[in-house]
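Asker: Residues per chain are reported as follows:
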Amino acid sequence: MTELDRPIAREDPWIGFTGWEGASAVSDTVETPFRRFRRRFLRQRPAVVALVFLVGLVLVAVFAPVVAPHDPLVQDLRNTLQGPSSEHWLGTDELGRDVLSRMIFGSRVSLLAAAQAVVLALALGVLPGLVAGYFGGLVDTAISRLTDTLMSFPPLLLAIAIVGVFGPNLRNAMIAVGIIFAPRFIRLTRASVLAVKEETFVEASRSIGTPTMRVLRTRILPNALSPLVVQTSLSLGFAMLAEAGLSFLGLGVQPPDASWGAMVGRAYRFLNQSPTLVIFPGVAIVLAVLAFNVLGDGLRDSVGREIRRGAS
Amino acid sequence: MTVPILVLASFLVFGLVLLVPGDPAITLAGDNATEEQIQVIRDRLGLDDPIHVQYGRWASAAVQGDLGDSLFSGRSVTKSIGERLPVTVSLAAVSVLIALMIAIPAGLLSATRRGTWLDTTATVGASLGLAMPSFWLGAVLALIFALSLGWLPATGYVPLTENPFEWFRHLVLPGLTLGTSAAAETTRQLRASLGDVLQQDYVRTARAVGLRSRVVVLKHGMKNAAMPVVTVLGFQVAFLLGGSVIVEQLFALPGLGGLAIRAVLDRDLPVIQGVVLFTTALVVSINLLVDLMYGWLNPKVRAA
Amino acid sequence: MSASSPEAAPDAATDHILGHALENVLDVRGLTVEFATEAGWITVVEDVSFGVRRGETLAIVGESGSGKSVTSLACMGLLPPAGRVGPGGSVSLNGVELLSQRRRTLEDIRGDRIAMIFQEPMTSLDPAFRVGDQIAEVVRRHRRVSRRAARARAAEVLDLVGIPRARERVRDYPHEFSGGMRQRVMIAMALSCEPDVVIADEPTTALDVTIQAQVLDLLRSLRDELGMGLVVITHDLGVVADIADRVMVMYAGQAVETGLVDDLFGAPRHPYTEGLLRSMPTAEVRGTRLASIPGQPPPPSRFGDGCRFAPRCPYAIDECRSGALVLRRVANDHEARCVRTDEIVLGGVS
Chain A
-10 MTELDRPIAR EDPWIGFTGW EGASAVSDTV ETPFRRFRRR FLRQRPAVVA
40 LVFLVGLVLV AVFAPVVAPH DPLVQDLRNT LQGPSSEHWL GTDELGRDVL
90 SRMIFGSRVS LLAAAQAVVL ALALGVLPGL VAGYFGGLVD TAISRLTDTL
140 MSFPPLLLAI AIVGVFGPNL RNAMIAVGII FAPRFIRLTR ASVLAVKEET
190 FVEASRSIGT PTMRVLRTRI LPNALSPLVV QTSLSLGFAM LAEAGLSFLG
240 LGVQPPDASW GAMVGRAYRF LNQSPTLVIF PGVAIVLAVL AFNVLGDGLR
290 DSVGREIRRG AS
Chain B
253 MTVPILVLAS FLVFGLVLLV PGDPAITLAG DNATEEQIQV IRDRLGLDDP
303 IHVQYGRWAS AAVQGDLGDS LFSGRSVTKS IGERLPVTVS LAAVSVLIAL
353 MIAIPAGLLS ATRRGTWLDT TATVGASLGL AMPSFWLGAV LALIFALSLG
403 WLPATGYVPL TENPFEWFRH LVLPGLTLGT SAAAETTRQL RASLGDVLQQ
453 DYVRTARAVG LRSRVVVLKH GMKNAAMPVV TVLGFQVAFL LGGSVIVEQL
503 FALPGLGGLA IRAVLDRDLP VIQGVVLFTT ALVVSINLLV DLMYGWLNPK
553 VRAA
Chain C
34 MSASSPEAAP DAATDHILGH ALENVLDVRG LTVEFATEAG WITVVEDVSF
84 GVRRGETLAI VGESGSGKSV TSLACMGLLP PAGRVGPGGS VSLNGVELLS
134 QRRRTLEDIR GDRIAMIFQE PMTSLDPAFR VGDQIAEVVR RHRRVSRRAA
184 RARAAEVLDL VGIPRARERV RDYPHEFSGG MRQRVMIAMA LSCEPDVVIA
234 DEPTTALDVT IQAQVLDLLR SLRDELGMGL VVITHDLGVV ADIADRVMVM
284 YAGQAVETGL VDDLFGAPRH PYTEGLLRSM PTAEVRGTRL ASIPGQPPPP
334 SRFGDGCRFA PRCPYAIDEC RSGALVLRRV ANDHEARCVR TDEIVLGGVS
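Chains as they are written, first to last, in our numbering: chain A, -10 to 301; chain B, 253 to 556; chain C, 34 to 383.
Excised from the complex, chain A in its bound form:
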């Protein structure tokens, strides 16, 4: 006798029983990805502070002429290498220029240079990464090998070499930094593309004959976006450090303009007479880079991996 042949006991309390109220307590609230991101991001106090700081920094850079108490280029040779005073809050440099004002104007150079380098890295990195990940095969192999090779160069040395052949100035320094960062974006984009390439919605889009470029743009790129945003934030910090390093070596911004890195570089020669001259621009670099890194970490923890619901 099989189970189905058995008479169903009418009085069997389990048959047709679906539980009393409260038996099934699975919450069905759906949160949009953006709201989820915002909730998780706002919970990370340090990242929020970093964001506020960076927004403030950008505002200072934009309104530098309004904010700066002095003209950053006006020399006062009777008051050189002064410590902080009520007239010059952060003191004066070897030509008697106001350090605070030079730092405020320097933030323009530092921020803009970092942004240029990262934009260039994105421009050079995203498309090859998309292509390598999406098409695979020989193209992928070629692009990946090139990426591996570029990443084997000591980054700063490669930047120095590139500046060396182009000639030392800020624009070339940032091109060099952009080039050394590009492989990271290639790798990242390629990996994100590989992760979503086989997803149903991409397959579906492809199968109905959507042109490749459109699939890449509307289906794949958005999914690669969050890791790219995170990497962009982290890269801005590193680009700032790279710019500072190159300017310190005299291969970046040229006098009389100054970035924070260039200010430290010049001040190093007066380390004995006026230590604060080195300290202040350095602190500005540390804080800005720290803010980019903390923001990047916070973004990474906020985008996280989505827990996928069962395929339906």
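To be clear, the hints were calculated from the coordinates, so they are not data collected in a lab.
Model, not experiment: these values are computed from the prediction.
Glycine included, C-beta positions come from ideal geometry on N, C-alpha and C.
Just so you know, not all the hints are guaranteed correct.
With a straight-line Cα cutoff of 20 angstroms, these simulated SDA-like cross-link-like pairs (lysine to any residue) come out [stated by the list, open to error]: (1) B/Lys552 with C/Gly213; (2) B/Lys475 with C/Thr156; (3) A/Lys186 with A/Gly126; (4) B/Lys475 with C/Met155; (5) B/Lys552 with C/Arg137; (6) B/Lys552 with C/Arg173; (7) B/Lys471 with C/Arg137; (8) B/Lys552 with C/Met155; (9) B/Lys475 with B/Ile396; (10) B/Lys471 with C/Arg173; (11) B/Lys471 with C/His175; (12) B/Lys471 with B/Ile356.
Have a look at the derived ranges for each label pair, beta carbon to beta carbon [what the hints assert, rightly or not]: (13) A/Val55 with B/Val259: 52 to 58 angstroms; (14) B/Arg366 with A/Ala131: 53 to 59 angstroms; (15) B/Arg366 with C/Arg198: 23 to 29 angstroms; (16) B/Arg309 with A/Phe26: 38 to 44 angstroms.
Go by the hints and put chains B and C onto chain A.
Answerer: Frame of chain A; chains B and C shown alone:
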């Protein structure tokens, strides 16, 4: 993997000549060069030959250890590198040593004491270490330990063979300066990977059979957590060799960095190419070493 | 056998659940476990008591989240940092109280007198060390023997658990073993110091059906051979029927029914046990067909008062939802936590 990367790297390094704006010979000779000087450079670099011939000549010489001669001093690039290499290698080695001396205890403590003030200190310290420009950190360290306290020399280099103690004394500040970011990165990685490993089932097993927690963490935890840490350390070597350029400038160490800077300011192309190619080969061989270490750390990789 | 038998024949020999705690090699009384959450400490295991004697097998049964694994980890002193044992409980091994021991003393006992086998054979061995060395490490931790003797012991226990060519395989790494073989290695490691009690947490869940039976056979024969007490934690009633002498059914952090396997299977006294028996795919449930228990068990934050199973219980009445319920003796060696246990008629399997 290693050989193709080196070949590709040599293409790229050689290709730098193509990036020189305008006629390379004119640009490289400088502003006030005579027609004669320009012709000398043209001949020296063989710029009249087709590019693949130039590359072939350069690469086959490089394989035999000849990286050409400086356009300015006429000295052999290989010889110049050889003279300065011990300084840079010493600096890199001391930096890695210092980085490990900081990162291993810091990473261990913060991974095993998650959420305590020790963990917070290590994490914040690591973030700061990553955000500090090395030249600024070096300046601050020199200010404190050399200028104010007078404990350590701020500049100069003494060869190891001459006086090991002075060699080390002269490398402490540069090493600390250069090693800090590597220490920070390694601390972060160790904290993350050891934290991961300590949640693994086999760590629970090790505790369940009564192994002392010290043994669980140091033997089973560390060996399994080492692989990503070694990977990061391998990457760090590339950063260190690049970053040493700045630190050598700062502390007046006669290493490869000074050679590179001088060459860049002089647009001394053979020297630039030589230094970059040589350093890259060094990085690639260190990465090969890292790959070999994987086999010891993870038997699964060995089998594959 | 009738569907319900409150007056089951008294059996003095097995009547030790309530009274004869001293005979138990492992004896747990009033164990409560709490976990730290954002909303404060919540109780995940409440007032659990059980014991196991030498040569005997106790099965702890329940759905995931019932607190059975946490119970075993608490016994071993292996709760994660967020967990703690609540006040008033007791875990004693050979009459020695474990809960009040210092960490170092507990480490001496673990792996020596009490050992544990985990659910995940694929991940429970350290991938970076040879299996022989891992076992020898345990032996040397608890016994003053030479390196060579410890290695020999490792080969010996691997042989004991039925690993072919044990003498050669001590040199292999965990990834060179199949899942079933790895679980044997885990068992060998647990047995290497001949403990008095072995707790096996879902020892067969991750394994193929044919291998499951082999591993259970192995555990049973080793239990008899070495005379140890065995606690098997499982959600699989098939495993219980196969290996256990006695059963404790857990639901939502509480024991809801305890008894001898035959009594409990033949005449369950708690609706949850009945539900579990009926959802057994191979069960010969009299006069019924397969039915699953509707709904989900409550999370620890919503345990609340009253019977925790009531929302999923077809026999539930208003009385079930008010007031705390006690685990009541319903027959010799048989307890149930149900207010209606004497009025309702539940079906079992024979």
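Asker: Look at each hint and say if it fits the structure.
Answerer: A quick look at each hint next to the structure:
| no. | hint | result |
| --- | --- | --- |
| 1 | B/Lys552 with C/Gly213 | holds, 19 angstroms |
| 2 | B/Lys475 with C/Thr156 | holds, 16 angstroms |
| 3 | A/Lys186 with A/Gly126 | holds, 14 angstroms |
| 4 | B/Lys475 with C/Met155 | holds, 18 angstroms |
| 5 | B/Lys552 with C/Arg137 | violated, 33 angstroms |
| 6 | B/Lys552 with C/Arg173 | violated, 26 angstroms |
| 7 | B/Lys471 with C/Arg137 | holds, 18 angstroms |
| 8 | B/Lys552 with C/Met155 | holds, 13 angstroms |
| 9 | B/Lys475 with B/Ile396 | violated, 38 angstroms |
| 10 | B/Lys471 with C/Arg173 | holds, 15 angstroms |
| 11 | B/Lys471 with C/His175 | holds, 17 angstroms |
| 12 | B/Lys471 with B/Ile356 | holds, 14 angstroms |
| 13 | A/Val55 with B/Val259: 52 to 58 angstroms | holds, 55 angstroms |
| 14 | B/Arg366 with A/Ala131: 53 to 59 angstroms | violated, 44 angstroms |
| 15 | B/Arg366 with C/Arg198: 23 to 29 angstroms | violated, 43 angstroms |
| 16 | B/Arg309 with A/Phe26: 38 to 44 angstroms | violated, 56 angstroms |
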